[in-house]
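K.L.:
So you can see what is in the structure, the chains are spelled out below.
There are 2 protein chains.
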Amino acid sequence: MKLTILGSFSAYPSFKGFTTSQVLEHNGKSFLIDCGEGTQLQLRKNKIKFNSIEDIFISHLHGDHYFGLPGLILTFNLLGREKPLNIFGPKGIKEIITSLMKVGKTWTNYKLNFIELNSIKSQDILNKNNFIVSTIPLYHGIYTNGFLFRKKTTSHKLIVKKAIDLGIDKTQFSGIKLGKDGVTSKGEIIKNTKLVEPLSPDIIYAFCSDTLFNLKITEQISECDLLYHESTFLKKDENFAVKTFHSTAEQAAIIAKNSNVKKLILGHFSSRYNDLDLFLNEAKTVFENCELAIENKSFIF
Amino acid sequence: MKLTILGSFSAYPSFKGFTTSQVLEHNGKSFLIDCGEGTQLQLRKNKIKFNSIEDIFISHLHGDHYFGLPGLILTFNLLGREKPLNIFGPKGIKEIITSLMKVGKTWTNYKLNFIELNSIKSQDILNKNNFIVSTIPLYHGIYTNGFLFRKKTTSHKLIVKKAIDLGIDKTQFSGIKLGKDGVTSKGEIIKNTKLVEPLSPDIIYAFCSDTLFNLKITEQISECDLLYHESTFLKKDENFAVKTFHSTAEQAAIIAKNSNVKKLILGHFSSRYNDLDLFLNEAKTVFENCELAIENKSFIF
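These protein sequences, in sequence, are chains A and B.
If you read the first sequence in my numbering, its first letter stands for residue 42, the second for the next number, and so on.
If you read the second sequence in my numbering, its first letter stands for residue 42, the second for the next number, and so on.
Just so you know, these hints were derived from the structure itself, not from any lab.
A hint or two may mislead.
No distinction is drawn between identical chains; accordingly, a pair holds when it is met within one copy or between any pair of copies.
Stated by the list, open to error - Straight-line distance between alpha carbons at most 27 Å, and here's what the computed DSSO-like set of lysine-lysine pairs gives: (1) Lys143 <-> Lys43; (2) Lys86 <-> Lys338; (3) Lys276 <-> Lys162; (4) Lys152 <-> Lys284; (5) Lys193 <-> Lys325; (6) Lys135 <-> Lys146; (7) Lys90 <-> Lys57; (8) Lys338 <-> Lys57; (9) Lys132 <-> Lys143.
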């Protein structure tokens with residue numbers, strides 16, 4: 042999987058960078074996660090094919106997380122999109138988007154499916170192409186979800202040499218990877234488990250923005266391969282974090298450590314800071330494998 | 042006055058440029074005219090002080106003319122704006138903006154005044170700081186206005202040498218410019234008209250986007266100093282112009298010629314064209330004093 046950061050600043054776009062938006066690419070498809078103002082420009086800059094996006098996930102209805110969505114929806118239409126678009130977001134998002142279309146007398150020629158969320162418990166909201174996407178309930182003053190993307194490993198790795206040595210024909214290989222037993226040239230049946238390696242674990246990405254420090258989420262994001270956790274403030278400004286339902290870099294690192302994730306990415310930086318390395322340094326005192334969500338940077342995992 | 046082009050492409054922002062937005066600066070204040078996605082970034086790039094903007098004029102509710110407005114309103118708030126903001130736009134704009142704020146539970150600490158327009162006849166909508174702003178009814182499929190900005194000349198130019206020769210003290214000069222008579226050192230009263238030049242004409246900017254070719258507007262914009270007229274298409278694609286209620290470069294030039302304006306600026310270019318000079322060449326066959334609305338370019342008049 043490949044995660045590309047399109048924007049990672051909080052509150053408003055500026056010279057420092059765009060607001061929250063990310064793309065998770067997998068097998069030629071893309072999930073778009075949040076969609077701040079200017080996201081369509083960032084998609085172009087990062088050469089993400091518009092038509093690869095079938096599903097958009099919006100964490101919450103603060104402008105810096107979705108003000109690029111109305112324009113993107115209409116641009117898709119102007120460019121002749123035909124395939125449906127699924128938009129997952131808080132209840133209210135459908136009315137917002139449709140009211141913008143209504144006043145503009147502009148409707149899409151492709152089907153727009155809104156999947157509105159209002160549960161305060163985690164839900165599986167998408168299951169396709171071996172992906173399960175679940176909500177991560179967050180605490181941010183208004184209804185907010187993070188998203189957990191789980192890529193299921195369904196195909197076993199074949200022990201090729203062993204199969205050949207046993208005299209199993211190559212035409213059986215794809216079936217064996219999916220769980221079938223093998224048959225040797227002499228007609229002997231070889232149990233599937235003897236021909237394949239154990240299933241490797243699922244690959245998991247957890248996106249958590251925006252939220253007050255909340256250890257409750259650690260159970261759900263436990264052991265994930267990559268965690269993006271917001272860190273709007275530094276520890277010295279924790280009072281602002283509490284007041285605005287945000288987290289500090291240190292708190293993001295505590296979440297990462299307690300969840301035993303493989304890697305942490307910090308983002309959603311307040312524009313008050315000029316040196317982003319301060320976030321990295323603060324987080325690394327708690328959790329070493331940590332990087333900054335720098336615009337146009339990709340993470341492959 | 043100084044007009045700066047922030048964006049001038051139609052339909053959607055792309056590598057070619059941002060969508061419609063312009064700033065008209067005058068005596069330290071700014072009028073913002075239309076506000077496509079990314080306008081706040083363009084304002085920063087062009088070093089327009091956010092606080093100089095007191096009035097925003099939205100021509101119509103197609104996204105490429107106002108999808109940058111919600112973000113700009115909230116950015117003003119985050120930056121601590123205190124002074125009121127007036128937003129002039131089609132009926133419906135207040136509900137759109139307030140519904141976005143409602144779902145985001147985000148309200149401005151400064152006063153937002155919406156002046157909603159629904160008249161199909163021209164109206165004076167603002168009269169302050171020696172400016173009168175009037176609507177220019179356009180024809181674009183949905184309710185659309187252009188805007189006429191008239192800077193009234195209220196102060197006469199003093200004939201300084203004559204005043205001094207007559208023995209009029211300098212302390213009287215500002216009063217004489219505003220219409221008072223002068224008094225010589227010997228107590229003789231000199232009529233105002235003998236001390237000043239005639240009032241120079243008002244300075245007028247006409248903004249016309251988007252619209253089907255419509256000669257009706259020529260009366261209202263007659264003799265203006267600067268005319269921005271949309272030219273979404275070239276003449277060879279006039280069928281598209283008609284279908285989408287837009288104009289061609291030639292039609293914009295015909296409007297300019299029939300209105301006897303001093304200068305024409307072409308804009309709102311369709312992204313289908315790679316060579317904008319084709320617009321300029323087409324218009325110049327009809328009206329010579331013509332320029333393209335190139336992003337970040339300013340016109341002083």
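K.L.:
Indicate which option fits the pair Lys338, Lys57 if close means a Cα-Cα distance not exceeding 27 Å: within, between, both or neither.
P.N.:
Classified as both; 15 Å inside a copy, 23 Å across copies.
K.L.:
Please work out whether the CA atoms of Lys276 and Lys162 approach to 27 Å or closer within one copy, between two copies, in both situations, or in neither?
P.N.:
neither (29 Å within a copy, 58 Å between copies)
K.L.:
At most 27 Å between CA atoms: does that hold for Lys90 and Lys57 within a copy, between copies, both, or neither?
P.N.:
both (25 Å within a copy, 17 Å between copies)
K.L.:
For the identical chains here, do Lys143 and Lys43 meet the 27 Å Cα criterion within one copy, between copies, both, or neither?
P.N.:
Neither: 36 Å inside a copy, 35 Å across copies.
K.L.:
Is the C-alpha distance from Lys193 to Lys325 at most 27 Å within one copy, between copies, in both cases, or in neither?
P.N.:
neither (30 Å within a copy, 62 Å between copies)
K.L.:
With identical chains, the pair Lys86 and Lys338 could be close in the same copy or across copies; at 27 Å between alpha carbons, which is it: within, between, both, or neither?
P.N.:
Both ways: Lys86 and Lys338 sit 12 Å apart in one copy and 24 Å across, limit 27 Å.
K.L.:
Up to 27 Å between alpha-carbons, please classify Lys135 paired with Lys146: within, between, both or neither.
P.N.:
both (16 Å within a copy, 17 Å between copies)
K.L.:
Indicate which option fits the pair Lys132, Lys143 if close means a Cα-Cα distance not exceeding 27 Å: within, between, both or neither.
P.N.:
Cα proximity of Lys132 and Lys143: in one copy and across copies (19 Å, 13 Å).
K.L.:
At most 27 Å between CA atoms: does that hold for Lys152 and Lys284 within a copy, between copies, both, or neither?
P.N.:
Answer is between; shortest inter-copy Cα gap is 24 Å, intra-copy 40 Å.
Checked against the numbered hints above, the structure violates hints 1, 3 and 5; every other hint is satisfied.
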